[in-house]
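Just so you know, the protein sequences line up as chains A and B, in that order.
In the numbering used here, each number is its position in the first sequence, counted from 1, plus 374.
In the numbering used here, each number is its position in the second sequence, counted from 1, plus 8.
Hints in this document: simulated from the structure, not taken from any laboratory.
Treat the hints loosely; a few may be bogus.
[Said to hold, decoys possible] In silico DMTMM-like pairs for lysine to aspartate or glutamate, Cα to Cα no more than 25 Å straight-line:
#: 1; chain 1: A; residue 1: LYS409; chain 2: B; residue 2: ASP136
#: 2; chain 1: B; residue 1: LYS257; chain 2: B; residue 2: GLU434
#: 3; chain 1: B; residue 1: LYS375; chain 2: A; residue 2: GLU465
#: 4; chain 1: B; residue 1: LYS257; chain 2: A; residue 2: GLU517
#: 5; chain 1: A; residue 1: LYS409; chain 2: A; residue 2: ASP383
#: 6; chain 1: B; residue 1: LYS284; chain 2: A; residue 2: ASP383
#: 7; chain 1: A; residue 1: LYS519; chain 2: B; residue 2: GLU105
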Amino acid sequence: MSCLNERFDRLRAAYPAEMASSLVLPLLHLMQQEKGHLTESDALHIADYLGVPAMQVKEALTWYTMFHRRPVGRHVIKVCRNIACSLMGAERLLGHLTARLGIGEGETTADGRFTLLAVECLASCGTAPAMQVNDTYHEGLTEEKIDRILEELP
Amino acid sequence: MSEARVFFNFAVTADSHRLPAYRDRRGYGALEKALREMAPAAVEAEVKASGLRGRGGAGFPTGMKWSFVDRKSPVVYLCCNADEGEPGTFKDRWIFENASHQLIEGVLLASYALGVRHAFIYLRGEFDLPYRRLCEALAEARGAGLVGERILGSSFSCDIIAHRGAGAYVCGEESSLLTSLEGFKGYPRNKPPFPAVKGLYQAPTVINNVETLATIPWIIARGGTAYASIGAEKNSGTRLFGISGHVNKPGLYERPTGYPLKRIIFDDAGGVRGGKGLKAVIPGGSSTPVLTAAEIDGITLDAESVQAAGSMLGSGGIIVVAEGTCMVRLLRVLTRFYAHESCGQCTPCREGSAWMDEIVGRICAGKGEEGDLERLEGITRGIMGNTVCALGDAASMPVASFIQKFRDEFAYFIKYGRSMHAGRLEV
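The task is simple: from the sequences and hints, build the whole structure.
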């Protein structure tokens with residue numbers, strides 16, 4: 375944890391000293407980047423580091439959708455299912471991914487490579503349909519394009 | 009001035025987002041001008057004179073919002089709302105990816121006018137490239153003495169902090185954004201007190217949208233009157249309109265306000281896909297009431313015109329729906345979204361959005377019951393106006409307007425247990 379705390383310190387230095395509480399989300403992000411998913415003890419560690427109530431960090435961890443509270447695959451595929459993507463074939467693409475990966479929404483492949491999620495608007499409406507694989511956006515998707523993207527992932 | 013462009017005035021290349029390219033476009037010239045020859049009040053006066061209205065959705069006059077801040081307060085904060093999440097909207101993302109420096113310059117000008125020492129840019133957590141582009145630009149700007157202590161040798165100091173959200177639509181609501189920025193789950197707060205009086209950590213706070221702030225360098229460089237001369241009366245300037253859905257050329261278009269809605273759909277965006285007829289238009293992001301093809305006749309892209317037609321210009325996200333689309337299943341996409349995003353604080357919205365999704369879902373599953381439409385309408389009436397923030401209204405307006413405008417389609421689905429249009433969303 376000491377190396378992680380050094381990274382915490384660097385992030386904290388960017389904020390005014392009296393705003394420790396504002397570091398809750400940035401630190402949860404940083405920790406998730408490091409560990410893949412977050413547990414209650416991670417929340418307690420952050421609360422302890424910042425000197426804020428443990429409940430505040432636990433609430434944030436459970437309330438925001440981007441934090442994973444269960445192990446996820448190496449590649450988390452988030453397919454937009456909102457209006458613009460739906461009008462451009464999001465259901466069809468989600469069906470394609472489900473069939474290809476052999477898993478349903480919210481599930482992870484047995485080899486731990488992929489987690490498939492359906493998410494709300496990614497602000498890619500003009501280039502719909504879209505998905506995000508870990509941090510990277512992929513837009514103007516077709517079945518073929520999705521196949522290519524999956525094949526190129528490590 | 010019909011060709012005036014605040015954003016689309018350069019060619020996007022591999023390095024057009026970097027500082028040297030922005031400088032070549034006379035970037036940071038407005039900041040230099042303000043710091044050298046304008047008092048903070050003069051910057052505010054230009055913004056007031058420009059008639060600029062907020063681009064996030066509510067359209068509140070920017071200069072007036074600024075004037076509510078108590079200048080005697082020892083601390084004033086500025087928060088740039090970059091939690092772009094209104095379905096159909098994708099303009100702020102373009103600004104980050106291509107013109108982060110223009111936003112930074114706008115944040116600095118606003119901070120100078122308002123006496124802000126620390127400004128925050130709250131980006132939605134999913135925005136990876138926008139966040140990286142902003143951080144790169146901030147590093148460049150700091151290196152060039154444009155952000156930080158004693159900017160450009162003046163007595164003005166300002167730090168800008170890029171802060172990421174973590175996946176919550178409601179955090180685009182300004183008071184929820186503040187709660188989130190303070191490190192809590194993003195529950196909206198009752199207003200009053202408004203953020204300009206008690207905002208971030210109880211200090212006076214101005215919250216402005218990305219596009220709003222990124223427009224300010226143009227206004228300071230060329231003058232508020234020049235900006236006010238562009239576009240429609242009471243709606244000055246240009247806006248970034250996002251067109252999505254069933255059109256041939258979806259994308260972002262910068263047009264002066266007052267531009268005809270039909271022209272942007274049929275000329276600029278190339279009309280409806282597959283030569284189909286136009287069925288419906290959601291004019292300002294998914295929360296705004298849907299309009300039928302007949303209703304968009306004569307609408308111009310300014311708040312008053314869209315409002316007169318019974319909807320709202322909102323965030324400028326225009327969603328186009330072709331003939332042959334199943335409006336019942338399309339509404340389900342939205343009820344599911346709002347039920348998912350309701351934060352849980354207010355009972356009418358938390359329960360109501362889930363009930364609406366359940367009923368619309370039941371209709372889509374062929375198990376609709378007589379009285380379902382009246383039940384849905386009753387729920388929307390129970391939500392609207394009875395919640396802390398506007399999310400409740402945002403969830404209700406699509407339901408109420410879809411049922412009102414396409415009642416036959418809903419009645420058919422309930423009666424026969426199947427869609428009038430084979431459940432199609434794609435055309």
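Hints and how they fare:
no. : hint                  : result
1   : LYS409(A) x ASP136(B) : 18 Å, holds
2   : LYS257(B) x GLU434(B) : 16 Å, holds
3   : LYS375(B) x GLU465(A) : 21 Å, holds
4   : LYS257(B) x GLU517(A) : 21 Å, holds
5   : LYS409(A) x ASP383(A) : 18 Å, holds
6   : LYS284(B) x ASP383(A) : 57 Å, violated
7   : LYS519(A) x GLU105(B) : 23 Å, holds
Comparing the model with each numbered hint stated earlier shows that hint 6 is the single one that does not hold.
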